[in-house]
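The task is simple: from the sequences and hints, build the whole structure.
Here are the chains, one letter per residue:
2 protein chains.
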Amino acid sequence: MKLLEDRIRTEGIVKNGDILRVDSFLNHQMDVSLFREMAREWKRRFADAEVNKILTIEASGIGLACVAAEEFDCRVVFAKKTAGNNMDAEMYTTKIISFTKGKVFDVVVSKRFLKPGDRVLILDDFLANGCALLGLMDLVKQSGATLVGCGVAIEKGFQEGGKRIREMGVRLESLAIIDSMEGGELAFRSEE
Amino acid sequence: MKLLEDRIRTEGIVKNGDILRVDSFLNHQMDVSLFREMAREWKRRFADAEVNKILTIEASGIGLACVAAEEFDCRVVFAKKTAGNNMDAEMYTTKIISFTKGKVFDVVVSKRFLKPGDRVLILDDFLANGCALLGLMDLVKQSGATLVGCGVAIEKGFQEGGKRIREMGVRLESLAIIDSMEGGELAFRSEE
Chain L
0 MKLLEDRIRT
10 EGIVKNGDIL
20 RVDSFLNHQM
30 DVSLFREMAR
40 EWKRRFADAE
50 VNKILTIEAS
60 GIGLACVAAE
70 EFDCRVVFAK
80 KTAGNNMDAE
90 MYTTKIISFT
100 KGKVFDVVVS
110 KRFLKPGDRV
120 LILDDFLANG
130 CALLGLMDLV
140 KQSGATLVGC
150 GVAIEKGFQE
160 GGKRIREMGV
170 RLESLAIIDS
180 MEGGELAFRS
190 EE
Chain Z
0 MKLLEDRIRT
10 EGIVKNGDIL
20 RVDSFLNHQM
30 DVSLFREMAR
40 EWKRRFADAE
50 VNKILTIEAS
60 GIGLACVAAE
70 EFDCRVVFAK
80 KTAGNNMDAE
90 MYTTKIISFT
100 KGKVFDVVVS
110 KRFLKPGDRV
120 LILDDFLANG
130 CALLGLMDLV
140 KQSGATLVGC
150 GVAIEKGFQE
160 GGKRIREMGV
170 RLESLAIIDS
180 MEGGELAFRS
190 EE
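Protein sequences appear in the order of chains L and Z.
Just so you know, numbering that gives the first Met the number 0 puts the end of the first sequence at 191, numbered straight through with nothing missing.
Just so you know, numbering that gives the first Met the number 0 puts the end of the second sequence at 191, numbered straight through with nothing missing.
Quick caveat, the hints were computed from the structure, so don't treat them as lab data.
Please note: incorrect hints may appear among the correct ones.
Intra- or inter-copy, both count: the list cannot distinguish identical chains.
Unchecked claim - Straight-line C-alpha distance at most 25 Å; calculated BS3-like pairs for lysine-lysine:
hint : residue 1 : residue 2
1    : Lys1      : Lys94
2    : Lys102    : Lys1
3    : Lys1      : Lys80
4    : Lys94     : Lys80
5    : Lys102    : Lys140
The structure is reproduced here in structure tokens:
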């Protein structure tokens with residue numbers, strides 16, 4: 000999506016070789032007018048998917064998910080990170096490793112909000128190694144709901160996550176895919 | 000706001016005397032069509048305030064803030080909770096006690112996203128003892144920005160926060176104020 004790529008080129012900051020800071024518009028300060036355009040693009044790409052629920056994970060996925068939910072006319076559920084073990088019988092639970100934070104989170108969703116009839120689109124801001132999306136996919140699977148696909152804003156195409164998820168046969172729509180940021184130079188994968 | 004009060008009456012669950020669960024529409028599953036109506040109501044109440052930035056705190060304030068930001072045509076900044084001390088010179092930092100989680104968080108906002116010229120509306124989902132709002136107000140003060148007011152979805156009017164903030168002369172617009180939930184019976188404060 001050219002609008003997003005242009006924004007990443009203009010405002011993104013590459014640090015320490017493989018960290019991309021986009022906190023001026025995506026995940027600390029949030030430019031909601033950009034989110035609206037991104038939401039419309041996901042709606043266009045998943046137009047035939049009959050999405051009736053959007054699942055994301057706190058915190059930075061929530062804004063994107065809420066704006067997108069208006070396009071899909073559906074509700075959002077955000078998975079919550081918890082510090083300790085959660086053996087609550089009311090919750091679906093999975094574990095997600097955060098490499099940026101260097102720890103493992105238990106991530107939970109109430110069983111009341113993911114059901115077998117649901118057609119779930121998973122949304123998140125970043126895809127790198129794929130741990131967050133795989134964890135969310137596990138929650139959908141536990142619930143018996145149907146996963147229609149995943150949408151992410153920025154995929155780091157030089158890490159494993161995207162490849163792994165596509166090889167599982169999951170429909171993955173990344174609005175910008177960065178194939179390289181060597182020397183601070185951003186190279187985007189061209190859209191087919 | 001009658002729409003929100005009705006929703007709390009229909010779906011809210013009172014637990015252990017003073018806990019109100021509204022996770023089916025506000026802070027776990029999120030009904031974005033309701034958020035849109037709430038956002039319009041805040042816009043109506045702060046129509047003259049020339050808001051150019053909305054500040055909230057992760058996680059459950061983010062959805063409300065993003066939807067409201069479209070009404071105010073401005074950006075959102077969400078304050079981040081961090082586990083340890085953050086003495087980053089790039090950050091404004093404050094401490095917020097979470098009674099529900101039983102711990103103290105350092106809460107940070109990048110200095111790049113709160114500036115003296117900003118006219119800031121603080122939004123959050125809940126107001127009880129006021130710790131979160133007071134912490135966010137402290138961040139605004141540190142930045143030299145102008146605080147135009149605070150908006151919350153649900154105020155627990157039987158706790159101290161709302162009174163304390165109004166006594167400081169801060170404009171506070173709560174869309175539903177619960178004066179009592181004794182015996183599980185919700186009593187809302189009538190709107191003037």
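Hint-by-hint comparison with the structure:
1. Lys1 with Lys94: neither (34 Å within a copy, 40 Å between copies)
2. Lys102 with Lys1: neither (34 Å within a copy, 43 Å between copies)
3. Lys1 with Lys80: Intra 32 Å, inter 32 Å, cutoff 25 Å: neither.
4. Lys94 with Lys80: both (9 Å within a copy, 20 Å between copies)
5. Lys102 with Lys140: Close inside one copy (24 Å), not across copies (33 Å); limit 25 Å.
In this structure, the earlier hints numbered 1, 2 and 3 are contradicted, and the remaining ones agree with it.
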